[in-house]
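Novice: The primary structure of each chain is shown beneath.
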Amino acid sequence: MKTFAELNFPGRLIAVEGLDGSGKSTQIYLVKRWLEAEGIKVYFSEWNSSEIVKTATSKGKKRELLTPTTFSLIHATDFADRYERHLLPLLRAGYVVLCDRYIFTAFARDVVRGCPPEWVRGIYNFAALPDITLFFKTDLEVSLNRILEGRPKLKFFEAGMDLRLSADPYESFRIFQGRVLDQYIAMSDEFKFVVMDANQNVEKQQSIVRKLVSEKIELKKFRRRSPLPLPPAFQSPEPKNQESDEDLAAAV
Amino acid sequence: MSNTGEKNACRCFYGHGIPRVKLEELAGKLIAVEGADGSGRSTQIARLVDWLETGGHPTVQVGLKRSNLVSKELEQAQKGNILSRSTLSLFYATDFADQLENIILPALKAGFIVLADRYIYTLMARDMVRGMDESWLKNLYGIAIKPDAVFYLSVQPQELVQRNLAKNATLDYWESGMDIGLSRDVFDSFVKYQTAMQGAFKKLQKTYGFTIIDGNRPVGSITKELRKKIRAVLAEKGNTD
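Quick note, the sequences are listed as chains A and B, same order.
Each residue of the first sequence is one higher than the last, beginning at 2 in the working numbering.
Each residue of the second sequence is one higher than the last, beginning at 290 in the working numbering.
Hints are computed from structural coordinates only; laboratory data are not their basis.
The beta carbon of each residue, even a glycine, is placed where N, CA and C say it ideally should be.
Check each hint, because a few of them may be wrong.
Sample of chain A residues at the chain B side, in silico, Cβ under 7 angstroms [unchecked claim]:
id : residue
1  : Ser59
2  : Thr70
3  : Thr71
4  : Phe127
5  : Ala129
Simulated crosslink set (DSBU-like; lysine-lysine; CA at most 35 angstroms straight-line) [claimed, not checked]:
id : chain 1 : residue 1 : chain 2 : residue 2
6  : B       : Lys361    : B       : Lys491
7  : B       : Lys513    : A       : Lys3
8  : B       : Lys427    : A       : Lys193
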């Protein structure tokens, strides 16, 4: 598997991974605000958000119809739809795409649910790897407390109740999250996660993230400009300005 | 019990299968019938159900886009033709897996004869024609249980055209493969697509070894052949205690 940069995509993909309550969504949101303010072409994509698959997913979850296999497949369908219809074209068009969860969420959860790791990874092998994967690693108790304090009603699959780990949703959630965390840790080296200490203060984490992103991605190449240049095939040869040269550079 | 099995007597998954399923408990029989629209597939399945039930065998039918979980959404998405190929492929796989776990496996456990109006091979062939990687598909459908028999009703594309037009006065968008742009002309596209599908089936036949039935013949003689072959399957160990 290769990253988007290695596959010569003009765009770049940054993914955040971690347990619920690890603060990853806050961090990626702040990255989005920063990049927008910098005039970067940025797009934000969430796990589990494809329109077409959504009704089926929520029906399956509400009525508890899902098995580990169908749970895995319906999320893969959702991911494929977002990947093929949004992420790929945007990455072709030179966007910086921010993903709140990526394929590693599936790798971790589905394996905890008992799906064979090779099977799950095989299914997702149409997807390229992120250029940066930030893993927000908290102590299990910290993320558990954040979730259990603020949102006491746990959903069936969210708590891993389908695994029959415990009749008590809270206890089930604890065990389930612990196993997911183990999976993330086990994947860290293999997929070159940047491990973030998510126990520390939010602003401090954000400044580390911003520094890292600007080091790894040459952001000025991803600036939005207006008016939008025409695609090369239709561009008339005469009016050439500096910006269009920069475009060419960004495309490499 | 001591009756040693033939090549189809093994009860196994193609790949990793479904977690926590006890294969030895699946006493029923799974019979899949594959073939294009107009190959006589549905007619033959209806006749087989009649015959089997009259003979005292409990039967259950499954098919494509019939799952509780996603059939409606899949239908809807297909109408708009808005799904990309991996998405559509995974959507169909979800539909299949839902039926596998909720219908096929329980029915086999209860000793039923499950008739599949198309199985994973049609899904794989469609995706192969659309340029998807065969090994990816093989991994994906490693969840599937190996049927006791698979019959592929092979009919010449030209004959399929005639049968489809006689029945519906039109050629189906998807059965003509119009989504892949083989031709703007539906008639041409249909023939090209069905030819490509037969090629894909031939390729799959080498891996999965199903029985090819000449579907160009009259309905009655095809039924006769199917019955004969299914009788042999039923005689194999495992069905009757």
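Novice: Against each hint, give a clear statement of whether it holds in the structure.
Specialist: So, going through the hints one by one against the coordinates:
no. : hint                 : verdict
1   : Ser59                : 11 angstroms, violated
2   : Thr70                : 5 angstroms, holds
3   : Thr71                : 5 angstroms, holds
4   : Phe127               : 5 angstroms, holds
5   : Ala129               : 13 angstroms, violated
6   : B:Lys361 to B:Lys491 : 31 angstroms, holds
7   : B:Lys513 to A:Lys3   : 54 angstroms, violated
8   : B:Lys427 to A:Lys193 : 28 angstroms, holds
Checked against the numbered hints given earlier, this structure breaks hints 1, 5 and 7; the rest are met.
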